[in-house]
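Visitor: Read off the chains here:
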Amino acid sequence: MEKTINNKAWFLVLPVFLLVAFSAIIPLMTVVNYSLQDTFGNNQFFWNGVGWFKELLDPSTDLGGRFLASLWRNLIFSAVILAIEVPLGIVVALSMPRSGWTVALCLVVLALPLLIPWNVVGTIWQIFGRPDIGLLGYVLNRIGIDYNYVSNEFDAWMTVIVMDVWHWTSLVALLCYAGLKSIPDAYYQAAQIDGASRWAVFTAIQLPKMHRVLLIAVLLRFMDSFMIYTEPFVVTGGGPGNSTTFISIELVKIALGQFDLGKAAALSLVYNLIILIVCWVFYTIMTNAGAERRPAKK
Amino acid sequence: MARIDLVDLAHSYGGNGTDVESYALKPVTMTWRQGGAYALLGPSGCGKTTLLNLISGILTPSRGKILFDGQDITHLTTQKRNIAQVFQFPVIYDTMTVGQNLAFPLKNRGVPRSEIDKRVAEIARLLDLTQDLDRKATRLTADAKQKISLGRGLVRSDVAAVLFDEPLTVIDPELKWQLRSKLKALHRELDLTMIYVTHDQTEALTFADTVVVMHDGRVVQSGAPADLFEKPAHTFVGYFIGSPGMNIMAAEVRGREARIDGHTLSLSRSYDALPSGARIEIGVRPEFVDVAEPGPGLLAANVERIDDLGRIRFARVRVGDVKFAARVPAGFAPSGSSVGLKFDPSHVHVYADSHLVEGAA
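Chains U and E are the protein sequences, given in the same order.
Here my numbering is used: position 28 in the first sequence is 28, and no number is missing along the way.
Here my numbering is used: position 99 in the second sequence is 397, and no number is missing along the way.
By construction, these hints were calculated from the structure, which means they are not laboratory data.
Honestly, I wouldn't trust all of these hints.
[Said to hold, decoys possible] Straight-line distance between alpha carbons at most 27 Å, and here's what the computed DSSO-like set of lysine-lysine pairs gives:
#1 E:Lys363 with E:Lys416
#2 U:Lys181 with E:Lys363
#3 U:Lys209 with E:Lys443
#4 E:Lys480 with E:Lys434
#5 U:Lys209 with U:Lys181
#6 E:Lys482 with E:Lys529
#7 E:Lys363 with E:Lys324
#8 E:Lys434 with U:Lys209
#9 U:Lys54 with U:Lys253
#10 E:Lys416 with E:Lys378
#11 U:Lys181 with E:Lys416
#12 U:Lys209 with E:Lys405
#13 E:Lys480 with E:Lys405
[As the list claims (entries may be wrong)] Facing chain E, a subset of chain U residues (Cβ under 10 Å, in silico):
#14 Pro15
#15 Leu207
#16 Lys209
#17 His211
Don't be surprised by glycine CBs; every beta carbon is placed ideally from N, CA and C.
Can you build the whole structure from these sequences, using the hints too?
Guide: Encoded structure:
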């Protein structure tokens with residue numbers, strides 16, 4: 001059979017191509033362009049080759065050191081977030097009612113934090129945690145716990161983590177709940193007949209059936225927490241010192257604070273690459289794990 | 299292994315306060331013999347699955363008692379009752395191999411490892427699953443998955459009964475037949491009480507030595523397949539079992555005679571004490587009515603069509619306004635649309651308000 005060749009068909013692709021070009025390709029190429037040059041005022045550009053990338057990956061330089069430190073903060077933050085939110089989300093989903101009017105109530109209450117804009121969440125917690133007027137900060141200090149997120153690194157981390165858990169555990173819980181609801185009753189009845197304990201029902205039925213939604217939950221939560229910017233920026237501004245300065249905050253400092261567009265562009269490309277790679281690794285591990293045994297995550 | 303007694307057992311999904319007539323299962327008292335092969339037969343929505351779930355404890359009855367070997371287990375949980383149940387659609391534990399799936403009911407009950415291995419190997423052999431024991435259960439076909447579900451039902455040797463809830467729905471016809479024979483063989487080999495729910499009469503009649511027919515939440519008859527065929531206790535049984543079903547028609551019955559449509563039919567038994575005011579009908583299976591040339595003493599009928607089933611032909615006829623099916627004797631071809639019907643009096647039964655009336659000899 002002969003293949004029909006009609007070059008006019010390309011015109012049909014043109015609108016999409018233009019749209020993608022303006023929304024993704026041109027900005028991305030601009031970033032690539034910046035990353036290879038050094039910029040000065042008055043739009044003066046000087047070719048720098050892969051110089052920024054070399055500097056970025058060499059921890060002995062200022063840029064490399066800041067990148068490595070913030071990368072570690074990001075990784076630790078994401079790991080802690082996933083380790084808390086995924087199990088907690090599962091527990092919340094398991095303890096939700098399966099029928100009746102309380103279902104709607106639970107869903108609305110769970111969805112509330114998800115509906116609040118990020119900088120509002122940041123502001124809420126910034127005020128909530130203040131030792132002088134914030135409910136949380138004031139109460140903690142009154143009962144004898146010396147809590148101050150502005151001056152204490154540990155307190156700052158705790159605040160950012162608890163805030164993220166408060167904001168996003170609902171997402172994991174809602175996804176898990178949807179996964180649980182899709183399990184037919186016959187599975188629970190069969191497990192009763194087979195004499196399965198509550199724990200056996202969880203490991204043999206519920207967890208495997210939630211596997212797909214858990215994969216989505218882990219990916220979403222990883223990407224979001226790895227890219228986190230607004231909430232810690234509003235609450236701690238990256239401090240005290242640099243203790244809560246994540247890559248995104250570092251990036252904004254370099255790009256808009258110092259106006260080093262070349263360094264910032266190189267950093268953002270590497271940042272992007274890391275997220276893609278980690279997500280791919282997660283995805284591969286969890287799809288394979290699903291085939292072999294129950295998903296190991298965290 | 300145990301005898302199961304149901305005492306005045308009834309269930310309503312709407313709670314206890316509602317009218318008995320609206321119950322999903324109306325009060326029933328009956329005994330399931332130890333080691334019996336039972337089929338629970340009835341149309342969809344007649345309460346068979348409700349009855350099964352009551353026995354297994356998935357449902358708690360609105361009233362009445364269930365006894366296993368005389369012991370009241372009505373309020374025991376499913377886990378504590380010694381019962382196995384296989385559901386309509388396969389239930390597979392995704393993360394386990396076929397072998398682990400089969401071992402699951404035993405493992406949960408703390409059976410020793412060596413004993414588990416022995417039972418699993420035996421059940422796998424009986425169900426032809428031996429070569430799949432180490433494979434992931436999720437990778438198998440629907441047929442094989444349902445075999446695993448069956449296997450999990452059969453793997454415990456100490457159960458009071460194994461309940462099957464239309465287990466062969468998802469299986470294709472060829473394998474269905476094989477599995478049914480296999481279940482029958484397993485029943486003989488393992489000496490288990492089996493209760494098999496189905497709406498398919500062939501399935502029920504080939505599997506069971508006792509068929510329990512349910513209709514509208516009530517057990518209407520329980521007996522050997524031959525009893526159901528020859529002496530249906532309820533017009534529903536006559537009509538539901540057999541293909542085509544029993545002919546039922548309104549009649550006036552007095553002594554040894556029944557009058558239908560101006561025609562008098564002689565009966566082999568005498569019915570003198572029929573309840574007054576009851577709706578009286580006679581029922582006769584098409585197999586016991588022959589089509590003949592019209593003549594004196596025969597009930598006149600009009601032939602609508604003749605169904606040739608291969609080894610037997612049935613004429614669909616009309617007597618007045620009533621539809622009737624009758625056997626066409628081999629070699630007989632009606633000359634016109636008018637025929638006469640010849641009844642075998644010993645197979646004509648009398649029903650009062652749908653229930654069989656035993657005549658006097």
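Visitor: For every hint, state whether the structure bears it out.
Guide: Status of the hints after comparison with the structure:
no.	hint	result
1	E:Lys363 with E:Lys416	violated, 36 Å
2	U:Lys181 with E:Lys363	violated, 33 Å
3	U:Lys209 with E:Lys443	holds, 17 Å
4	E:Lys480 with E:Lys434	holds, 24 Å
5	U:Lys209 with U:Lys181	holds, 10 Å
6	E:Lys482 with E:Lys529	holds, 25 Å
7	E:Lys363 with E:Lys324	holds, 13 Å
8	E:Lys434 with U:Lys209	holds, 15 Å
9	U:Lys54 with U:Lys253	holds, 20 Å
10	E:Lys416 with E:Lys378	holds, 23 Å
11	U:Lys181 with E:Lys416	violated, 37 Å
12	U:Lys209 with E:Lys405	holds, 21 Å
13	E:Lys480 with E:Lys405	holds, 25 Å
14	Pro15	violated, 43 Å
15	Leu207	holds, 8 Å
16	Lys209	holds, 7 Å
17	His211	holds, 8 Å
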